[in-house]
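Q: Sequence:
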Amino acid sequence: MKFFSLVPALAAISLVSATTFTIQVGADNSTTYTPSSISNATAGDTIAFQFMAKNHSVTQSTFASPCSASGIDSGFFPVSPNPTAIPQWSFTLENATTPLWFFCAQTGHCEAGMVFAVNPTASKTFEAFQAAANATVANSTSSAPTTPSASVVQSATAGGASNAALPKLGVSSATGLLAVLGLLAGVGL
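Sequence positions in the sequence shown follow mature numbering (1 follows the signal peptide of the UniProt record, and there is no 0) and run -18 to -1, 1 to 171.
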């Protein structure tokens, strides 16, 4: 019985130790992610993107093909001038040992250097990734814009190299919280 009491406590502790990294997308009407990369993310951390202006996306790619979709995708978040709410999209980092690469799928944005990296390495740097994006010939990587609710935080889980091309949708933070609370109370979902 003591084992079952310890498991929920450990689950609650792991939730507390996770970090949320906040990235601004298109701040000051730019075609940038701010910051452009993060290097100290660990498994379980949340990478949250706040869409500040215009119509951008966060689309996973690969180091070798910076402007080609390959994995999770936020879809487009059109933001009007002076929004009353800032739309946000996030994912939970599942594998921190493999770098993750992202770009804006809006036509011409990736080629202009609108890219983002999680845990770039010494051999695969953010600067090299951005230079490769800048060297890419513009193509029509964008799809029809979607209009998600500004008050909804969508989440997805980004995996490592073995499953990077396959999007994996995670549970919302509310569902995760209910599961932990249910475990603490001894109720299963």
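Treat the hints with care, since some could be wrong.
Restricting the straight-line Cα-Cα distance to at most 25 Å, the calculated cross-link-like pairs of lysine to aspartate or glutamate (DMTMM-like) are [stated by the list, open to error]:
hint, residue 1, residue 2
1, Lys36, Glu76
2, Lys106, Asp10
3, Lys106, Asp55
4, Lys106, Glu93
5, Lys36, Glu93
6, Lys36, Asp55
7, Lys36, Asp10
Here are the computed distance ranges between Cβ atoms for each label pair [claimed, not checked]:
hint, residue 1, residue 2, range
8, Ile68, Gly26, 35 to 45 Å
9, Thr89, Thr1, 30 to 40 Å
10, Ala30, Ser105, 25 to 35 Å
11, Thr107, Ser50, 31 to 41 Å
12, Ala9, Thr103, 22 to 32 Å
13, Ala(-1), Val119, 38 to 48 Å
14, Ala(-1), Ser105, 35 to 45 Å
15, Ser62, Lys106, 35 to 45 Å
16, Gly26, Gly90, 33 to 43 Å
17, Ala104, Asn64, 39 to 49 Å
Simulated from the structure, these hints should not be mistaken for lab results.
Here the structure is a predicted model, which is why all the values come from computation and not from measurement.
Cβ atoms here follow ideal geometry from the backbone N, Cα and C, with glycine treated the same way.
Q: Hint by hint, note whether the structure agrees.
A: Quick rundown of the hints versus the structure:
1. Lys36 - Glu76: violated (30 Å)
2. Lys106 - Asp10: violated (29 Å)
3. Lys106 - Asp55: Roughly 22 Å separates the two Cα atoms, so the pair holds.
4. Lys106 - Glu93: holds (18 Å)
5. Lys36 - Glu93: holds (17 Å)
6. Lys36 - Asp55: With Cα atoms ~17 Å apart, Lys36 and Asp55 stay inside 25 Å; holds.
7. Lys36 - Asp10: holds (10 Å)
8. Ile68 - Gly26: 35 to 45 Å: violated (24 Å)
9. Thr89 - Thr1: 30 to 40 Å: Given a distance of about 33 Å, which is inside 30 to 40 Å, the answer is holds.
10. Ala30 - Ser105: 25 to 35 Å: holds (28 Å)
11. Thr107 - Ser50: 31 to 41 Å: Because 19 Å falls outside the window, the suggested range is violated.
12. Ala9 - Thr103: 22 to 32 Å: holds (26 Å)
13. Ala(-1) - Val119: 38 to 48 Å: holds (39 Å)
14. Ala(-1) - Ser105: 35 to 45 Å: violated (27 Å)
15. Ser62 - Lys106: 35 to 45 Å: Given a distance of about 37 Å, which is inside 35 to 45 Å, the answer is holds.
16. Gly26 - Gly90: 33 to 43 Å: At 35 Å between Cβs, range holds.
17. Ala104 - Asn64: 39 to 49 Å: Once the Cβ atoms are compared, 42 Å apart, the range 39 to 49 Å for Asn64 and Ala104 holds.
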